[in-house]
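Novice: Chains as they are written, first to last, in the numbering used here: chain A, 1 to 161; chain B, 1 to 864.
It should be emphasised that the hints constitute simulated quantities derived from the structure, not laboratory data. Computed from a predicted model, the values in this text were never measured in an experiment. Glycine is no exception: its CB is placed at the ideal position from the N, C-alpha and C atoms. Take these hints with a grain of salt, some might be off.
Just a sample of chain A residues kept apart from chain B, beta carbon distances all over 10 Å, derived [as the list claims (entries may be wrong)]:
#, residue
1, Glu34
2, Ser36
3, Lys45
4, Phe49
5, Phe105
6, Tyr111
7, Ala120
8, Ser127
9, Ala145
10, Ser151
11, Ala159
12, Thr160
Mimicking BS3-like on lysine-lysine, the simulated pairs with C-alpha atoms at most 30 Å apart in a straight line are [as the list claims (entries may be wrong)]:
#, chain 1, residue 1, chain 2, residue 2
13, A, Lys30, B, Lys520
14, B, Lys383, B, Lys419
15, B, Lys338, B, Lys359
16, B, Lys419, A, Lys60
17, A, Lys146, B, Lys111
18, A, Lys45, B, Lys359
To spell it out: a stretch of chain B is covered by chain A in this simulated footprint if at least three of its residues, at any positions, have a beta carbon under 8 Å from a beta carbon of chain A; those stretches are [unchecked claim]:
#, stretch
19, 8-21
20, 82-93
21, 285-297
22, 785-793
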Amino acid sequence: MIHFVLLISRQGKVRLTKWYSPYSQKERTKVIRELSGVILTRGPKLCNFVEWRGYKVVYKRYASLYFCMCIDQEDNELEILEIIHHFVEILDRYFGSVCELDLIFNFHKAYYILDELLIAGELQESSKKTVARLIAAQDSLVETAKEQANSISNIIAQATK
Amino acid sequence: MNPFSSGTRLRDMIRAIRACKTAAEERAVVRKECAAIRASVSENDQDYRHRNLAKLMFIHMLGYPTHFGQMECLKLIASAGFPEKRIGYLGLMLLLDERQEVLMLVTNSLKQDLNHSNQYIVGLALCALGNICSAEMARDLAPEVERLLQFRDPNIRKKAALCSIRIIKKVPDLAENFINPAATLLKEKHHGVLITGVQLCTDLCKVSPEALEYFRKKCTDGLVKVLKDVVNSPYAPEYDIAGITDPFLHIKLLKLLRVLGQGDADASDCMNDILAQVATKTESNKNAGNAILYECVETIMSIEDNSGLRVLAINILGRFLSNRDNNIRYVALNMLMKAITVDAQAVQRHRATILECVKDSDASIRKRALELVYLLVNDSNVKPLTKELIDYLEVSDQDFKGDLTAKICSIVEKFSPEKIWYIDQMLKVLSEAGNFVKDEVWHALIVVISNASDLHGYTVRSLYRAFQTSVEQESLVRVTVWCIGEYGDMLVNNVGMLDKEEPITVTESDAVDVIEIAIKHHKSDLTTRAMAFIALLKLSCRFPTCSQRIRDIIFPYKGNLVLELQQRSIEFNSIIEKHQNIRSALVERMPVLDEATYSGRRAGSLPATVSTSNGASLNLPNGVAKPTAAPLVDLLDLTSDDAPAPSSSGGDFLQDLLGVDLSPASSQTGTSAASKTGTDVLLDLLSIGTPSPVQSSSSTADILSSIQDNKTSVATLERLSSPSSHSAQASSPAGASPVMDLLDGFTPNLAMPVYPSVVAFESSSLKIMFNFSKPPGNPQTTLIQANFINMSPHVYTDFIFQAAVPKFLQLHLDPASSNTLPASDNGSITQSLRVTNSQHGKVSELHFFIIYTFFPVLILGFMT
């Protein structure tokens with residue numbers, strides 16, 4: 001199972017964290033500091049796995065962002081690499097060639113996508129299209145609700161004029 | 001409306017934070033935002049709750065505290081609209097975790113949302129439950145989730161399946177409720193549901209043997225068929241990754257088959273064909289294919305024996321191992337570690353490649369490879385493998401040396417065919433990476449050296465040579481110093497030359513040079529220096545011609561700021577100067593250290609350690625190096641009459657006091673300046689039992705040395721040699737520590753009916769007189785009348801006298817006549833002590849200490 005997902009920029013800034021195992025706030029900060037120290041300093045040609053506190057951290061760099069997932073010793077590291085890539089492709093499709101700024105200003109959207117991809121530290125969907133469809137449906141629900149709210153406030157505004 | 005809360009939009013806040021140039025600026029912006037959000041929270045502002053929570057999540061991600069937003073999440077979740085719920089659940093998962101009490105409050109909202117008519121809201125609730133539910137929530141909401149496993153929309157079914165995984169992990173008792181619904185999921189066509197269903201079954205098998213049995217019987221064939229279908233499926237653009245249809249599903253299925261096949265021949269048999277197909281047909285030029293092959297190999301290795309398949313699997317690993325991609329090599333090494341239990345021979349074939357991986361530039365690969373090599377070592381290949389590893393030690397990275405050294409040492413210890421090889425290899429490691437060697441390792445080396453009596457000469461000469469080049473390596477220096485101390489004469493006289501050795505000429509002063517370098521080298525720490533002192537003491541006896549020079553080396557340390565060195569310097573100096581006659585007995589060679597005891601001790605059966613020692617160096621095999629003073633004090637107290645033992649610290653002081661029966665003769669004075677008084681105490685105390693109370697120091701020494709034959713000196717050294725033997729001796733019937741043994745000789749004198757009064761303690765500030773009497777008819781009891789006289793010009797207030805005795809004594813302390821002691825011999829305090837000796841005839845001693853304020857002085861003395 002995946003214990004947590006981290007997105008860290010090359011400067012060590014945290015862009016997304018998702019914890020599937022309980023870590024206290026203090027532990028989280030410590031984990032992030034420790035891991036960014038290890039991962040950001042590794043050379044480009046080295047393997048994508050780091051052994052850490054009896055777990056393995058699988059990471060992959062996309063442009064200026066490191067996607068990291070922490071898994072158990074006996075899990076399949078190559079599969080996790082594939083999951084990371086899967087996630088990145090979905091993000092890319094959603095934002096249209098995603099960049100770090102998209103993930104900063106629309107961090108909540110990145111979380112929504114991740115929630116359609118992973119639950120309880122396990123993969124829930126292998127089809128990019130399905131994920132995109134589900135996200136789009138929920139986004140449109142939000143849009144409709146907003147429009148309704150706007151039109152209601154317009155009506156109220158009109159009425160009270 | 002609150003003037004603050006109208007504030008910035010989320011986007012503007014993120015911009016403002018990003019524009020900050022320093023951490024302080026960022027903190028200021030965040031503080032301002034947090035204040036605004038707090039104000040808004042306390043006003044129960046509904047319009048901006050949504051935006052505030054989004055901001056809080058961003059702030060949380062930056063690592064600032066956001067606990068005040070937790071209730072906002074609950075309010076949002078409880079509101080009716082989808083947008084509010086969406087952000088509310090996101091905040092819940094981000095800001096809270098399962099251990100927070102607040103989470104319980106959300107159970108009801110979750111329950112309602114799980115039954116909501118909008119499937120997306122059901123989805124949100126399932127997702128939150130799956131990510132952060134606690135055991136209580138799992139129990140409360142399990143029926144809802146179970147029902148949702150049959151929901152009409154597959155996207156809800158898959159979420160419910162993963163949510164069930166979390167539930168059964170939190171509450172394994174609930175597993176049986178999920179077995180049947182999980183089995184139905186395996187018949188689905190929707191990949192999302194299949195993947196999650198298979199995963200749920202895998203986790204059910206882990207927590208419930210019942211589930212494992214059920215799936216094994218009912219589902220194995222079906223799963224094999226599903227795998228067959230997906231392997232042979234035509235191109236499916238929706239699931240295609242690098243030409244493979246849904247590698248994720250492949251992997252999940254292989255994983256579940258592994259669980260089902262493990263330990264069950266029928267199930268394993270059933271999946272042979274499909275495994276063979278996956279292993280042979282999967283393309284290995286892309287990561288996705290390799291991920292499947294990797295999983296397949298692991299399944300083949302785990303299920304019941306099928307040699308054909310295993311050959312296939314080992315071949316795949318061989319191919320992986322020679323891959324240029326580091327990731328593939330890493331997983332190959334990982335898998336070979338598992339394969340080694342199945343087919344060690346096949347793994348041995350890759351030894352050369354694996355050894356190459358130990359030298360890889362990638363730390364992760366090196367670590368894996370090293371662990372694998374460690375498993376590969378056996379009696380037949382230990383020599384070449386060790387040679388390779390030691391050769392590599394020279395060029396390896398600094399941060400890898402620690403691991404590498406530990407493994408080499410462990411290999412050498414475990415597989416060494418003969419002692420000389422062991423010693424040779426260890427010397428190489430020590431000279432290459434002595435600073436990385438753990439203490440137990442060089443302790444073990446010393447034990448081995450001490451047991452290899454025919455190699456003493458060879459070892460000490462090799463160490464002498466190694467020392468010349470590797471003086472930086474601390475543990476090499478220690479072993480060298482120890483060996484030269486013990487076997488220095490063999491170094492000089494070339495005793496026990498082996499054929500392969502080159503002759504070497506070492507003079508006595510060369511040997512002393514080595515020790516002197518070790519003492520003076522800037523990298524040497526206290527332990528090394530202390531060991532070097534002992535070595536010098538031993539050499540001073542073995543090389544009489546160097547005796548003066550050794551004194552010159554030791555002597556300057558009598559003013560050293562490190563108490564341990566200062567003490568040793570003073571003690572050894574006096575031994576060299578004044579006690580020629582007992583010196584040779586004192587510094588005899590250490591008795592052979594018992595390998596069995598030692599290895600037993602390393603295995604963790606270390607007996608409770610003696611309270612007199614302070615931590616760090618407890619398990620030194622060689623007590624000579626023991627930085628704590630106590631055992632040495634024992635030795636010196638009885639051999640030299642003018643070697644006071646200043647206490648090393650307040651902590652020890654008390655420890656020593658408490659451990660009276662363990663270090664019976666330790667004399668401690670509060671400050672080293674007071675050492676002279678300590679001497680007096682010793683002198684007085686030693687003379688109590690002798691017929692003439694006034695005695696010259698030399699005669700005391702003579703008496704002592706005449707009693708002390710070789711045997712006792714060895715015994716004393718043994719006592720020194722380790723804390724454990726120390727305690728063992730103390731508890732043995734013969735029991736008593738050497739001091740008692742030695743002084744037992746005096747007991748007849750003690751039985752004299754008239755007891756002289758004794759000056760128990762005297763310094764420029766305080767004098768204590770003891771008067772003894774025995775009540776008639778009760779020979780076991782001794783009455784002591786203590787008389788305290790203040791010699792200083794100051795009044796002592798709060799004067800307290802305390803005493804401690806060994807266990808076989810009972811001490812009764814009557815109240816003192818006063819607690820104020822007038823200055824300048826102007827009166828005295830008297831206090832009586834009654835000591836009852838349950839083992840009459842045994843010599844006892846009394847430890848006492850005095851606390852008097854004015855000067856915060858503690859004095860500890862003892863008497864017999």
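Novice: All the hints need checking, so say for each whether the structure fits it.
Specialist: Evaluation of the provided hints:
| no. | hint | in the structure |
| --- | --- | --- |
| 1 | Glu34 | holds, 14 Å |
| 2 | Ser36 | holds, 12 Å |
| 3 | Lys45 | violated, 7 Å |
| 4 | Phe49 | violated, 5 Å |
| 5 | Phe105 | violated, 6 Å |
| 6 | Tyr111 | violated, 6 Å |
| 7 | Ala120 | violated, 4 Å |
| 8 | Ser127 | violated, 5 Å |
| 9 | Ala145 | violated, 5 Å |
| 10 | Ser151 | holds, 14 Å |
| 11 | Ala159 | holds, 19 Å |
| 12 | Thr160 | holds, 17 Å |
| 13 | A/Lys30 x B/Lys520 | violated, 42 Å |
| 14 | B/Lys383 x B/Lys419 | holds, 13 Å |
| 15 | B/Lys338 x B/Lys359 | holds, 21 Å |
| 16 | B/Lys419 x A/Lys60 | violated, 49 Å |
| 17 | A/Lys146 x B/Lys111 | holds, 26 Å |
| 18 | A/Lys45 x B/Lys359 | holds, 15 Å |
| 19 | 8-21 | holds (count 3) |
| 20 | 82-93 | holds (count 6) |
| 21 | 285-297 | holds (count 6) |
| 22 | 785-793 | violated (count 0) |
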